[in-house]
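Visitor: Respectively, the protein sequence lines represent chains A and H. Residue numbering for the first sequence follows our numbering, starting at 634 and increasing by one per position. Residue numbering for the second sequence follows our numbering, starting at 634 and increasing by one per position.
Hints should not be assumed to be uniformly reliable.
Chain copies aren't distinguished; within one or between two, either way the pair holds.
[Stated by the list, open to error] Result set (DSS-like, lysine-lysine): computed pairs, CA atoms no more than 27 Å apart in a straight line:
hint: 1; residue 1: LYS758; residue 2: LYS841
hint: 2; residue 1: LYS878; residue 2: LYS920
hint: 3; residue 1: LYS758; residue 2: LYS829
hint: 4; residue 1: LYS861; residue 2: LYS670
hint: 5; residue 1: LYS927; residue 2: LYS670
hint: 6; residue 1: LYS927; residue 2: LYS861
hint: 7; residue 1: LYS920; residue 2: LYS829
hint: 8; residue 1: LYS758; residue 2: LYS836
hint: 9; residue 1: LYS899; residue 2: LYS836
hint: 10; residue 1: LYS790; residue 2: LYS758
Treat the hints as calculated values from the structure; they're not laboratory data.
2 protein chains.
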Amino acid sequence: MLVRTFVPAHITAFFVPVFHDDPLKAGSLGAGINLDKGTNVFASIETGTLERHIHIAFNGEPVGKKRAIISYSVADELVPNDFVGEVEIWQYFDFPNGYGFGNSAGGALGTALALSYTFGGTWLKAAQTAHRHEVLNRGGLGDVVGQLAGGIEVRVKPGGPGIGVVDNLFFEDYRVLVVPLGRLSTREVLDGDVVKAIEVEGKLALEKLLRSPSPERMMLLAREFAEKTGLLSGELLELAEELDKVISTPSSMIMLGRGLFALLRKDEVENAIGVVSDLNLPYDVAKIHEGKPKVGRWIG
Amino acid sequence: MLVRTFVPAHITAFFVPVFHDDPLKAGSLGAGINLDKGTNVFASIETGTLERHIHIAFNGEPVGKKRAIISYSVADELVPNDFVGEVEIWQYFDFPNGYGFGNSAGGALGTALALSYTFGGTWLKAAQTAHRHEVLNRGGLGDVVGQLAGGIEVRVKPGGPGIGVVDNLFFEDYRVLVVPLGRLSTREVLDGDVVKAIEVEGKLALEKLLRSPSPERMMLLAREFAEKTGLLSGELLELAEELDKVISTPSSMIMLGRGLFALLRKDEVENAIGVVSDLNLPYDVAKIHEGKPKVGRWIG
């Protein structure tokens with residue numbers, strides 16, 4: 634049996650981390666965008682072997698438990714203990730790992746949904762399993778609930794699935810430009826001094842957004858957040874300013890990765906691409922993914 | 634400006650009503666199915682008149698405030714007080730009113746989403762407004778949160794949007810047969826003696842479903858619930874038994890309407906239709922609507 638899941642890439646615009654000893658109560662406040670590119674997970678389940686085996690591969694390459702601890706933990710929890718056979722989890726990422734696209738949560742949630750679909754379970758329990766292991770292994774705090782909500786989401790009450798509350802903004806037909814330039818360690822940022830500024834500016838941005846909720850305002854507040862926390866500075870800020878000359882809504886920084894994202898109206902796509910390609914920078918243009926991740930039997 | 638929303642028809646399989654003085658805390662436990670047919674709402678907003686006017690029409694016919702009190706209340710709350718112009722809300726229903734398809738919630742939620750899209754707001758606030766007026770006017774307790782969840786939903790914690798928690802079952806490619814035979818007053822049922830049986834049997838069904846969650850089991854438990862509460866009896870029960878001869882998963886009763894529904898595998902559709910059309914009964918076949926309701930600008 635082959636099951637396929639798609640989990641959108643999730644870009645955080647601004648956030649407030651909320652830590653808690655109970656991983657289901659840990660989470661974040663903030664806002665973000667889900668893309669129609671992201672993580673595809675194919676789960677192949679075959680019986681007929683003598684032992685219970687779980688294998689995971691990233692982009693076609695087998696990975697060990699250490700590099701894929703979150704997805705291995707999810708799979709180990711959701712494959713029944715008495716199952717005898719081979720479980721292969723093939724995860725394919727449209728964006729590079731560690732660049733702030735929620736790949737870790739995408740792999741965890743995609744794995745949880747595929748295995749729950751196969752072995753029994755519900756959406757909520759699968760999502761809670763993914764969130765729990767994301768938090769315990771410090772993969773992320775808000776990606777799973779953001780990805781479940783789809784669209785342009787606003788985390789108004791922190792926590793995992795069933796506990797946190799996620800709102801959605803209405804939006805018109807936007808494209809999303811992403812400029813992924815490098816990794817930024819979530820752990821290092823959250824362990825550093827900047828975390829206090831993030832808490833203050835993140836709460837302020839959320840309050841302001843809810844007072845007058847729109848995607849354009851979210852981007853404006855994201856940019857304020859990125860600059861005031863000091864996360865966006867130097868060359869990356871200069872690039873954002875270059876981009877802003879040809880688009881109507883401010884670009885901002887991918888939280889957390891060394892990269893930018895922007896909402897583009899259809900008639901702005903060409904000029905925005907012009908700016909980044911003139912500088913020989915990598916970029917991608919995606920649509921916004923509405924609604925939940927996808928799960929289903931895969932007939933290849 | 635013209636905005637269109639689609640809200641799926643929502644059939645409750647079994648339920649437990651949960652009353653509360655705070656309408657956002659009132660709701661229900663239970664399970665249900667969302668269809669790809671339901672309520673389409675077109676909101677037309679025009680300025681240039683001298684007063685603030687709100688008009689509502691059901692299936693093309695203007696309706697007064699009394700007959701559409703829920704949607705009028707929603708619209709009156711979401712159209713700004715200082716707006717001067719004409720707001721026309723055209724609601725079209727694929728199924729008859731009062732037959733248990735969640736039309737009242739569909740109209741309320743569709744109206745709330747369309748007006749929030751137009752005048753500002755978020756999904757959560759729009760949905761809470763719809764739920765609140767549904768509860769205050771006793772339109773329903775669980776339809777709005779069920780319709781927001783989409784798919785096959787399980788209400789595991791009662792309450793309105795942002796408070797109640799709704800889970801989803803995984804499902805394969807099913808069609809839904811509906812046999813709508815008449816009205817059943819939710820108010821009368823909930824005011825009657827049967828409410829105690831509903832509470833006992835509804836809780837039991839939910840517990841059993843969560844222990845082993847699947848759409849097939851939901852239908853089996855729905856049927857047990859319908860029979861044990863005494864809501865399904867007589868001719869309607871006989872019809873359910875006739876249907877069950879040609880399908881693999883038990884049919885059950887639409888809560889609350891005089892009617893039946895059933896999950897059909899593709900190869901069962903023809904025989905199931907045969908049973909109801911031989912008896913000259915009205916019927917419809919729909920797909921399951923996954924994900925959220927739809928909202929967007931309408932270019933007619």
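Visitor: Pop the pair LYS927 and LYS670 into one bin, within, between, both or neither, using alpha-carbon distances up to 27 Å.
Guide: both (12 Å within a copy, 21 Å between copies)
Visitor: Measure nothing new, just compare the shortest in-copy and cross-copy C-alpha distances for LYS861 and LYS670 to 27 Å and report within, between, both or neither.
Guide: The answer is neither: 30 Å in one copy and 48 Å across copies each exceed 27 Å.
Visitor: Taking 27 Å as the upper bound on the Cα-Cα distance, should LYS758 and LYS829 be classified as within, between, both, or neither?
Guide: neither (33 Å within a copy, 30 Å between copies)
Visitor: How do LYS758 and LYS836 come out at 27 Å by Cα distance, when the copy is not named: within, between, both, or neither?
Guide: between (29 Å within a copy, 19 Å between copies)
Visitor: If the cut is 27 Å between Cα atoms, do LYS758 and LYS841 qualify within a copy, between copies, both or neither?
Guide: between (33 Å within a copy, 16 Å between copies)
Visitor: At 27 Å max between alpha carbons, let me know whether LYS927 reaches LYS861 within a copy, between copies, both or neither.
Guide: neither (37 Å within a copy, 36 Å between copies)
Visitor: Using 27 Å as the alpha carbon limit, work out where LYS790 and LYS758 are close: within a copy, between copies, both or neither.
Guide: both (19 Å within a copy, 14 Å between copies)
Visitor: Quick one: LYS920 to LYS829, C-alpha cut-off 27 Å, is that within a copy, between copies, both, or neither?
Guide: Cα proximity of LYS920 and LYS829: none, with 33 Å in one copy and 50 Å across.
Visitor: With identical chains treated as interchangeable, where does the CA-CA distance between LYS878 and LYS920 reach 27 Å or less: within a copy, between copies, both, or neither?
Guide: within (22 Å within a copy, 47 Å between copies)
Visitor: Classify it for me, LYS899 with LYS836: is the Cα-Cα distance of at most 27 Å met within a copy, between copies, both or neither?
Guide: Classified as neither: same-chain Cα gap 32 Å, cross-chain 51 Å, threshold 27 Å.
Checked against the numbered hints above, the structure violates hints 3, 4, 6, 7 and 9; every other hint is satisfied.
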